[in-house]
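Work out the full structure, taking the sequences as your base and the hints as a guide.
2 protein chains.
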Amino acid sequence: MIRVVILGYGNVGFHLHKAITASLGVEVVQVYNRNRIDNLATAQTQKLTELVEADVYIMAIPDNAIASFSEVLPLSNKLVVHTSGGAAMNQLSSGNRKGVFYLLQTFSKETEVDFNNIPICVEAENVNDTALLKKLGECISESVVEINSDKRAILHLAAVFVNNFVNHLYGIASEISEENNIDFNLLKPLITETANKLSTLSPSDAQTGPAKRNDTKTIEKHLHLLEDSKYAEIYELLTQSIYANQKKQD
Amino acid sequence: MIRVVILGYGNVGFHLHKAITASLGVEVVQVYNRNRIDNLATAQTQKLTELVEADVYIMAIPDNAIASFSEVLPLSNKLVVHTSGGAAMNQLSSGNRKGVFYLLQTFSKETEVDFNNIPICVEAENVNDTALLKKLGECISESVVEINSDKRAILHLAAVFVNNFVNHLYGIASEISEENNIDFNLLKPLITETANKLSTLSPSDAQTGPAKRNDTKTIEKHLHLLEDSKYAEIYELLTQSIYANQKKQD
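Those sequence lines, one after another, are chains A and B. Residues 1 to 250 in this note's numbering are what the first sequence lists, from first letter to last. Residues 1 to 250 in this note's numbering are what the second sequence lists, from first letter to last.
These are computed hints drawn from the structure, not numbers from a lab. Please read all numbers here as calculations on a predicted model, not as lab measurements. Treat each hint with caution, since some may be false.
Heads up, the list lumps identical chains together, so a pair's fine if it works in one copy or across two of them.
Claimed, not checked - In silico DSS-like cross-links for lysine-lysine, where the CA-CA straight-line distance does not exceed 30 angstroms:
id, residue 1, residue 2
1, Lys78, Lys247
2, Lys230, Lys247
3, Lys109, Lys212
4, Lys135, Lys248
5, Lys188, Lys151
6, Lys230, Lys47
7, Lys221, Lys18
8, Lys109, Lys248
9, Lys188, Lys47
10, Lys18, Lys151
11, Lys18, Lys47
12, Lys47, Lys221
13, Lys151, Lys217
14, Lys217, Lys230
15, Lys151, Lys47
16, Lys188, Lys135
17, Lys230, Lys18
18, Lys134, Lys247
19, Lys217, Lys109
Rendered as structure tokens:
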């Protein structure tokens with residue numbers, strides 16, 4: 001049985017705790033959080049001095065707190081990992097064995113997530129710790145990969161494009177629709193299908209639309225509709241970028 | 001029984017034919033296409049002079065062909081509709097009764113689509129034709145709405161953001177990943193979840209990431225990774241736009 005202490009109980013800590021609790025071969029022996037959590041069946045503490053023995057200490061805290069928090073942990077030679085896509089492993093304090101347990105998914109407390117297919121990217125300083133993190137990952141997901149800090153940085157950058165930026169485009173469409181009294185829900189089947197298409201087509205093969213076919217008449221019409229909008233520049237830049245890629249392919 | 005002739009057999013014509021054939025209350029009596037289609041159970045013709053009687057003639061052809069094709073149709077006072085999001089109803093020839101039957105979805109022959117929840121946006125010049133198009137739409141979908149050409153233009157613009165532009169961002173992530181020997185498939189659960197989140201959260205509530213929290217350290221790191229990339233400008237512009245919206249909310 002792999003014994004885990006979870007440090008922090010935000011969105012990632014919450015979902016990780018839930019997934020581990022539902023899995024075999026691994027248990028959460030303690031949750032550390034600054035504030036007491038209601039209705040938690042697991043032992044918890046608000047004091048770092050009360051941390052119990054475990055095989056892995058998983059820090060599920062904001063990126064900018066990783067370095068300082070790992071520094072004040074009253075632990076020595078333990079496997080302490082962070083869960084960040086954007087932070088390098090060496091941001092962790094040298095007082096413990098370093099590692100990373102990055103869940104490549106977006107979490108919010110409102111939505112259920114199926115851990116089974118969440119890619120878990122692990123990294124550690126030595127082979128034993130890497131093996132342990134892999135084993136831990138495989139208890140909760142079928143997709144566990146070893147990825148070093150350099151590659152994880154790229155993956156995190158790519159994740160910003162497909163999550164943060166894509167969601168912003170959803171937001172723009174929502175704003176444009178609502179300003180014109182159009183129900184944004186009408187666009188949701190298209191949004192879902194655009195994502196689902198990737199199971200059968202590459203993004204390049206799935207690309208359609210006025211920018212790809214250089215349909216300047218439609219593009220002009222759209223820019224006219226966006227005349228007073230702060231989003232015209234985004235429309236123009238993405239249109240140019242799609243068209244440039246298309247020209248390269250032709 | 002509503003009798004339909006489908007003019008054109010590209011992606012939209014193909015899926016529309018399939019959906020109508022599987023539905024009650026409506027039948028495709030003929031398919032017109034420049035080239036003969038193999039294994040089609042429905043009657044077909046390659047000659048406009050051979051078009052048969054129908055209640056609705058649905059043109060599933062490229063936007064830029066709508067005006068000229070509708071002009072040469074040897075029909076008079078028939079209900080002739082196009083299926084375009086981007087073209088106004090009045091692009092159709094005045095020789096027939098005009099209408100629009102816009103399927104708000106992305107189609108490719110490779111992927112199955114569930115018509116049931118595809119929004120169908122209908123428009124016609126008179127109430128009887130509008131009612132007929134609604135009835136036709138309701139035979140194949142549960143989501144039929146009446147939308148005029150001005151609103152449909154906005155909807156089409158919003159669709160470009162959530163489909164064409166979003167897919168381009170998927171493509172950028174795919175390129176960045178593959179250049180660094182990272183499997184793009186790792187990002188697919190995140191892509192799916194980003195779309196699915198909209199069933200419980202608004203885009204604005206679902207927004208996360210370095211741009212939203214003005215995490216300049218991560219943004220700088222990402223821009224450094226994109227130093228030689230043509231996509232740095234897109235990263236910067238979308239980051240600024242997310243941050244500007246966030247500031248407005250604070």
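Checked hints:
1. Lys78 with Lys247: Answer is neither: 54 angstroms inside a copy and 41 angstroms across each miss the 30 angstroms cutoff.
2. Lys230 with Lys247: both (28 angstroms within a copy, 15 angstroms between copies)
3. Lys109 with Lys212: Result: close only across copies, 18 angstroms inter versus 38 angstroms intra.
4. Lys135 with Lys248: neither (44 angstroms within a copy, 45 angstroms between copies)
5. Lys188 with Lys151: between (33 angstroms within a copy, 17 angstroms between copies)
6. Lys230 with Lys47: neither (48 angstroms within a copy, 48 angstroms between copies)
7. Lys221 with Lys18: Cα proximity of Lys221 and Lys18: none, with 49 angstroms in one copy and 32 angstroms across.
8. Lys109 with Lys248: between (43 angstroms within a copy, 24 angstroms between copies)
9. Lys188 with Lys47: Neither. Shortest intra-copy (45 angstroms) and inter-copy (39 angstroms) distances fail the 30 angstroms Cα cut-off.
10. Lys18 with Lys151: within (28 angstroms within a copy, 45 angstroms between copies)
11. Lys18 with Lys47: within (22 angstroms within a copy, 64 angstroms between copies)
12. Lys47 with Lys221: neither (61 angstroms within a copy, 34 angstroms between copies)
13. Lys151 with Lys217: between (42 angstroms within a copy, 18 angstroms between copies)
14. Lys217 with Lys230: Both, since 21 angstroms and 26 angstroms are each at most 30 angstroms.
15. Lys151 with Lys47: Answer is neither: 35 angstroms inside a copy and 58 angstroms across each miss the 30 angstroms cutoff.
16. Lys188 with Lys135: For Lys188 and Lys135, the Cα distance is within 30 angstroms only across copies (23 angstroms; inside one copy 38 angstroms).
17. Lys230 with Lys18: neither (41 angstroms within a copy, 41 angstroms between copies)
18. Lys134 with Lys247: neither (43 angstroms within a copy, 40 angstroms between copies)
19. Lys217 with Lys109: So Lys217 and Lys109 pass the 30 angstroms test across copies only (26 angstroms; inside, 44 angstroms).
Of the numbered hints given earlier, the model fails hints 1, 4, 6, 7, 9, 12, 15, 17, 18; all others are met.
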